[in-house]
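So you can see what is in the structure, the chains are spelled out below.
Number of protein chains: 4
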Amino acid sequence: MVKIPVAIVGATGYTGVELVRLLADHPNVTIAALTSRENEGKSFSSIYPAFTGKKGLVLSKLNVSEVAKKIKAAFLCLPHHESMTVTADFRSRGVRVIDLSADFRLKDPALYEKWYGRHTEKTLLASAVYGLPEMYRKEIGGAKLVATPGCYPTSIILGLAPLLKERLIDPADIICDSKSGTSGAGRSLKTDSLFCEVHENFRPYNIDNHRHVAEINQEVSILAGEAVSVLFSPHLLPIDRGILSTLYVKPIKRLKGDDLLKKFSAFYRNEPFIQILPEGIWPATKNVRGTNVCQIGLKIVSEGGRIVVVTAIDNLTKGASGQAVQCFNLMHDLPETTSLNLSPLLP
Amino acid sequence: MVKIPVAIVGATGYTGVELVRLLADHPNVTIAALTSRENEGKSFSSIYPAFTGKKGLVLSKLNVSEVAKKIKAAFLCLPHHESMTVTADFRSRGVRVIDLSADFRLKDPALYEKWYGRHTEKTLLASAVYGLPEMYRKEIGGAKLVATPGCYPTSIILGLAPLLKERLIDPADIICDSKSGTSGAGRSLKTDSLFCEVHENFRPYNIDNHRHVAEINQEVSILAGEAVSVLFSPHLLPIDRGILSTLYVKPIKRLKGDDLLKKFSAFYRNEPFIQILPEGIWPATKNVRGTNVCQIGLKIVSEGGRIVVVTAIDNLTKGASGQAVQCFNLMHDLPETTSLNLSPLLP
Amino acid sequence: MVKIPVAIVGATGYTGVELVRLLADHPNVTIAALTSRENEGKSFSSIYPAFTGKKGLVLSKLNVSEVAKKIKAAFLCLPHHESMTVTADFRSRGVRVIDLSADFRLKDPALYEKWYGRHTEKTLLASAVYGLPEMYRKEIGGAKLVATPGCYPTSIILGLAPLLKERLIDPADIICDSKSGTSGAGRSLKTDSLFCEVHENFRPYNIDNHRHVAEINQEVSILAGEAVSVLFSPHLLPIDRGILSTLYVKPIKRLKGDDLLKKFSAFYRNEPFIQILPEGIWPATKNVRGTNVCQIGLKIVSEGGRIVVVTAIDNLTKGASGQAVQCFNLMHDLPETTSLNLSPLLP
Amino acid sequence: MVKIPVAIVGATGYTGVELVRLLADHPNVTIAALTSRENEGKSFSSIYPAFTGKKGLVLSKLNVSEVAKKIKAAFLCLPHHESMTVTADFRSRGVRVIDLSADFRLKDPALYEKWYGRHTEKTLLASAVYGLPEMYRKEIGGAKLVATPGCYPTSIILGLAPLLKERLIDPADIICDSKSGTSGAGRSLKTDSLFCEVHENFRPYNIDNHRHVAEINQEVSILAGEAVSVLFSPHLLPIDRGILSTLYVKPIKRLKGDDLLKKFSAFYRNEPFIQILPEGIWPATKNVRGTNVCQIGLKIVSEGGRIVVVTAIDNLTKGASGQAVQCFNLMHDLPETTSLNLSPLLP
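Chains as they are written, first to last, in the numbering used here: chain S, 5 to 351; chain A, 5 to 351; chain W, 5 to 351; chain E, 5 to 351.
Next up, chain S with everything else stripped away, as it sits in the complex:
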C-alpha cells in the first residue's frame, strides 16, 4: 500500500500532539515532516516523553519549499493569521491543506477582520471548504483546502442541524450554553490556564463576545436559510478534554419526544461518529474522551415550550484533530473512519 506523506505544522501544541497520535497509527499515512518553531532538531519524544515508543519523529523548522516537495498534504496547527500565509504558500506548490486555524472558516472576510484582524489571503477563501463532514461531505471530498471547524461550533452545529434543516424551531431564539475543557485554550502560557487557576474552579468567560460566534452564526444561518444570531455563553471546565453544549431552542410546532429522537436518528442515520442517546440518558464528556464521536441527547421540556439538546465531543478530537483526519480521509478517498475507530478510555 502506498502511503500518503503528510506534514504536521506546529506539532508541539495540543492539536499537534493529537494529530501525531492519530496519524502515527494511520495505515495510509507517513508523517514526512513535523515542524516546530522552537524545537528544531529535537526528537518529538524529547518534548513529549509519552511518545518514547514512536521512533523516527524528529522536529524541524518549517521550510515550506523543502517540505512541499516531500508531502501531499499539510495539517496546519498554527495560530490564526500565521496560518493563512503558510496555507497560501503550500497551496501555491500544489499541496493540499487541512487548516485547523480560524483563517479560512469565515466566508466573509469583513467578519474575519472584525474578530481576528487583517486577512491577507482573501482570494483563497472561495476555494476553502468548511470541514464539517456531516454537512459538507461531498465538498470536502473534492477540496484542496479545508478549514476545520472550531471546537465550540462543532458541538453546537451538530446539535442544531436536524432542527434547523427540518424547520422545527424558531431560529431567532437559540441559546447555547457551552462548557469546555482547558485544552481548548492551547498550550501557550496564560495565567488563566495555570493549574491553580483552573482546578477546583468553574466560570464563564466572553459571554456574547466570543469570536467563535461568527462561525456559529454563519453555519446556523446556512442551515436556517436566513440570518441567525445565537446567544453563545462559553464556560471553562476543570477538565483536560471535552466540550458539552446545552442548547435551548423553541419549537414552532407541537412535537413528541419520541418523534424528535426519531428525526435526529434519521437525520444522522449514516453518520459513523454521531450517537443519538435514548431518552433519559444524557451525554457526558467522559463518554467521548479520546474519540471522534459526538453524543447527542435531547428532551422536550416546559410542557412543550422548549427543547433542550445536549451534545458532547472531545474538543481535541471531533473538535479539532480527529475531524481534520476525517476530512483528510475524505479528501483522499479513504474510508472516512480510517484511524478514527477509537475506543473511549474509561474511567
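Misleading hints may appear alongside valid ones.
Put simply, identical chains are the same to the list, so a pair is met inside one copy or across any two.
[Stated by the list, open to error] Below are the DSS-like pairs computed for lysine-lysine, each with C-alpha atoms no more than 25 Å apart in a straight line:
#1 118 - 303
#2 59 - 74
#3 76 - 118
#4 74 - 267
#5 254 - 303
#6 74 - 254
#7 257 - 74
#8 257 - 194
#9 169 - 46
#10 254 - 7
#11 46 - 142
#12 169 - 266
#13 111 - 126
#14 126 - 46
#15 65 - 257
#16 142 - 194
#17 59 - 257
#18 148 - 74
#19 46 - 148
These are computed hints drawn from the structure, not numbers from a lab.
Based on the hints, put chains A, W and E in the right spot on chain S.
Positioned in the frame of chain S, the structure of chains A, W and E alone reads:
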C-alpha cells in the same frame, strides 16, 4: 458572654462538618450535642482527622428528649422525611429548629408529596419560614422553625429577585442552566459520586425533572406575583464545592447594562453577603469557596433581547450551612455576619 | 481468520470495561460472553453509555457450564475468593483462564490465607503461572491458568528486576514508595473512593501492611535468590489512572549512571512495553495513561550510596487488563502486542 | 488597640494573596502597603475578584523609602535575589523584615551561591533568623530579620526533629520522599504549571538535585549535631495546596511504636500547630488545607528496622505565609496563634 447551646444532628455528612467548622468558631455558641446514627461515642476527629485540633467534640446517638434539655437550637442535617419527625419532636419541647432538609421548604404539602413522598407534619408548615435572609430577614428573626433553602434555589433566586421584583423581565421565559460541585450530592455512597466517575467528566442530569424546581418555582412565583415555571437544567462539576448558575431571561423594556448593574447594587445595597461584580468580570466558583458570599455578574446581550445573569455560591456555605448560621444569628438577635466573615481560600 | 471466543466475567468493573476496550478491537478475538451479577439482559452501553458505538455487547448472568461451551478462554474480573471457584469450574471444562484476582498469584497457600482468607482450590496453584511476561514469557505461553500480577507489584518488580538479577543491590534494603490512581480501588462503593474524599487530597494508607506486599516479596525473592522483605508504602493519588513507584535501593558496588542505564536497556532489550528513559527525564503517569507501557527512569544518588528507580504504569492497562491481554496473546501464539499498540492520550 | 502597619511586597503571587487572607483578618495589623510590579494603582480585587468584599486594598509600585515611613514590618514575597536588595533597603530604614524568599535561609553564603547565584548582602546573614518557631521560637522573638523556611524543608524538618534531637536514628540514612501541590511552583508562567500538564498526572522532578536540599541539610545537621546529607525526592501532585512527606529513617536502638508516639507528643507538647496522630491514622493534605497545622503520623516498620514518618502541611500556610504570620506574631509579642486559628475546609 452567655453562649447559646446548640445541637448539630447528623454531624458527619458534608453539611454537618461545614456546620462544625462554622459553629466551633462562633463566639456566641456552644456545641452541646453532635449526633450521628452510626458513630456513637466516637470523637468527631476519629471520623474527620482534620478536626484533631478541636477538642471535646464527641458524637452521640440522637435522643431528642435528652438533647432538648441541653440546647436552645438544633441544626438538622438529616435526609428529607427523617427530618420532619425530629423537627416536630424538638419543636414540641420548645427547641428552635434550623432544618437543612427539604421538609419544610414547600408551603404546599401536595407539592412536597409529589416530589418527596408523604408529609406527616403538615401542621408545622405554617410556622416554617423559608431561610433566605435576603428575602425574609424579618420573618426569620421571629421564627422558631426555619427551613434553609436548597443550594440550587439559593443560587437562582438571588440572581432573579431584583429583575422580578422590579418587573423588568418576562416571568414566563426563564432558563436556569446550573452547574454544581459534587459535595451537593452528599457523602452517601452512590456510584455516580465515585471519584473515577466524576473526575475529568462533566454532564447534565435530571433536566426539567429535578425536585429543586418546585422550590425554585414557589419562590420565583412569589417574587413575580404570578405562577411561574422556570426551566431548570442541573449539571455535575468535577469540583468539591461551588454552584454557578447561568440565567437567561427576557427583558420587557429596553435597559442599559449600566442601569441594570445599578439596580442590582441598589436592591442588594445593605446585604453583607451579596457582591455585584463590575461589567466584564464574571463570577467564579473559586471566588466564593468556603465563604457565605453570592457573587453576581450580568450583561445585556443579543442586542437587548436577553439578559444573562451569572451567580456563584459555595453550595455548602451560602447554599446550606453558612446560610443556616446566618438564619441562626437572625433568630437570636446576633449580628448577622457573626462567624461568617470568611475569607476565600485562593488558590 | 478464525477468531477466538472469550468471556469477560465481571465486565462492569473498571478492569472489566478496560478489557472490553481492548478486546472489542482485538482482531483475533470475539467477545462471546460478558457477565455481570446485577445487570443480566442489559446492553453494555446501558451501563457504560461511552460504548454506545459498540453494538452487540449484552450482559448475562454467569452460567459457567453454558458459557464454557462457547469460549476458549475466560478473563475473570471477580473479587478474590469468588474467583477461585469460578476458575476451578472453567478449568474443569477445559477453558483457559486469565484470572485478574489475587487468588492464584501466591505460590504458598498459607501466605494467601494470611492476607485473603481461606483458599479452597489449592490443587490448582501448581499449574498457575504468574502473568508477568517480562519474567515468565515462556511459562505463560504454555499455561492454561494465568494469574495476572497486582498493579503495585507490576510497577515494583519491573523496576527492581535488572538490579536483583544482576546482583547489583542489597536485597535487604529496598524501599518502595508507591502512589496509585483511584481506579485501583475499583468501582465498588466506599466512602474513601468518593470524589469529595479523593479530589484535592493526597494520603498514604496501609504502610507496611498492604496485602500486595506478599506478592511483591514472593517475586523479589525469586529474583534475588533469597528471602526478601521490601518496605512498601502505598499512597492514594487524585487521578483516575496510573501508578508511579519511587524505589530506593542500595548498590553493593560502585556504579556509574550511564552503565546502569545501559544495563537496564540491555536487560529489557526486546521488551515491547518497557521504555528506559534517558538520564534527567523521569516517568510520569500521564505518559503511559491508556497504554500497556512501563516507563523506567533512574539515577545514582547520595554520591553513589543509593539508586533511585522510578517506574510508571497505567494500573488498569499494564497493571491489570492490558497485561491480561498480553498474557492471552502469548497463551494463543499471537503476536504479543496484538491490540496493545496503544498511543498515549495527551493531554 | 494600636494596630501595627505592615507592607506585603509582591502581593499578587500565591504567597502574597495568602498573606492578604491572613493579615486582612489580623486584629493587630493594618495593611498599609500592598505592592506589585505590574499592577500599580489597581485594586487588589481587580486582580483577585474573590477579594471584592475586602475594601481599600490598592496595589502600588514598591518605593521602599516611601513605604518604610508608613510601616513597622514588611513581608517580602519576591523572587530570590530580588528579595535581598529590598531586605537590605528596608532594614537600613529600621523596618523589620519577614522574608519568604530563600535569600537569608542559608548561613553559608557559598552554599547559597552554589544553588541560587550571587549573594550581595552577606553582612545581613548573621542577623537573619531561620523562621521555624518550633526550633527557634526565642530567636525569632528577638529578630529584626526572619527568613521563613521553604515549604519542603518545613515538612521534613518537623518530621525529623524529635528523632534527631533525641539521637534515635542514624543521620546518615535519611530518605525524604516528598509530594507537593502545584501552588508551590508559584503563579509565574511555566508550561509545567499549566492545567493540562498537571491534571490527571503525577511525576517526580529534580530528584537529589532540588535546591531546597541545602536548606534541609543545614537544619538537619544542626539537629543531628553533625554534617548530614539527606536524600530528597520531590514529586508534583495534581492538587492546589499541600505537601506530604514520607520519611524513611533507621532507628539506632530498639523502639516500640507507642513509645515513639509518646516521644513525639512530648517533644511537641506545647506546640499549637503540631498534631501527632494516633497509630493507624495517617496525615492527609486535605486535613490541613488552609490551616497552619503540621500533622504527623508514624510507624515502626520492617520488624523494627525502619521508621516511617509522614507529615502533611499546607505549603502556602505553614509552608509559607502562615508561618510568616506566626513569626510576625512572635516578633511583636503577640499571641503566636493570632489570626492563625484556622479551621480546615472539608471537603
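When Cα atoms must be at most 25 Å apart, do residue 74 and residue 254 count as within-copy, between-copy, both, or neither? Neither, since 52 Å and 52 Å both go past 25 Å.
Are the CA atoms of residue 65 and residue 257 at most 25 Å apart within a copy, between copies, both, or neither? neither (57 Å within a copy, 45 Å between copies)
Indicate which option fits the pair residue 76, residue 118 if close means a Cα-Cα distance not exceeding 25 Å: within, between, both or neither. neither (33 Å within a copy, 53 Å between copies)
Is it within, between, both, or neither for residue 74 and residue 267, if the alpha carbons may be no more than 25 Å apart? So residue 74 and residue 267 fail the 25 Å test inside a copy (46 Å) and across (39 Å) alike.
For residue 257 and residue 74, with the copy left unspecified, which applies at a CA distance of at most 25 Å: within, between, both, or neither? This pair counts as neither: shortest intra-copy Cα distance 56 Å, inter-copy 52 Å.
Can you give me the call for residue 169 and residue 266, within, between, both or neither, at a CA distance of at most 25 Å? So residue 169 and residue 266 pass the 25 Å test inside one copy only (15 Å; across, 42 Å).
Identical-chain pair category, residue 142 with residue 194, by Cα at 25 Å: Answer is neither: 39 Å inside a copy and 44 Å across each miss the 25 Å cutoff.
I want to check one pair: residue 254 and residue 7. Are their C-alpha atoms no more than 25 Å apart within a copy, between two copies, both, or neither? Neither: 49 Å inside a chain and 50 Å across chains, both beyond 25 Å.
Pop the pair residue 126 and residue 46 into one bin, within, between, both or neither, using alpha-carbon distances up to 25 Å. neither (35 Å within a copy, 42 Å between copies)
With identical chains treated as interchangeable, where does the CA-CA distance between residue 46 and residue 148 reach 25 Å or less: within a copy, between copies, both, or neither? neither (31 Å within a copy, 46 Å between copies)
At most 25 Å between C-alpha atoms: does residue 169 with residue 46 qualify within a copy, between copies, both, or neither? Answer is neither: 49 Å inside a copy and 35 Å across each miss the 25 Å cutoff.
Copy assignment of residue 46 with residue 142, given that the CA separation must stay at most 25 Å: neither (39 Å within a copy, 38 Å between copies)
The structure shown violates the earlier hints numbered 3, 4, 6, 7, 8, 9, 10, 11, 14, 15, 16, 17, 19.
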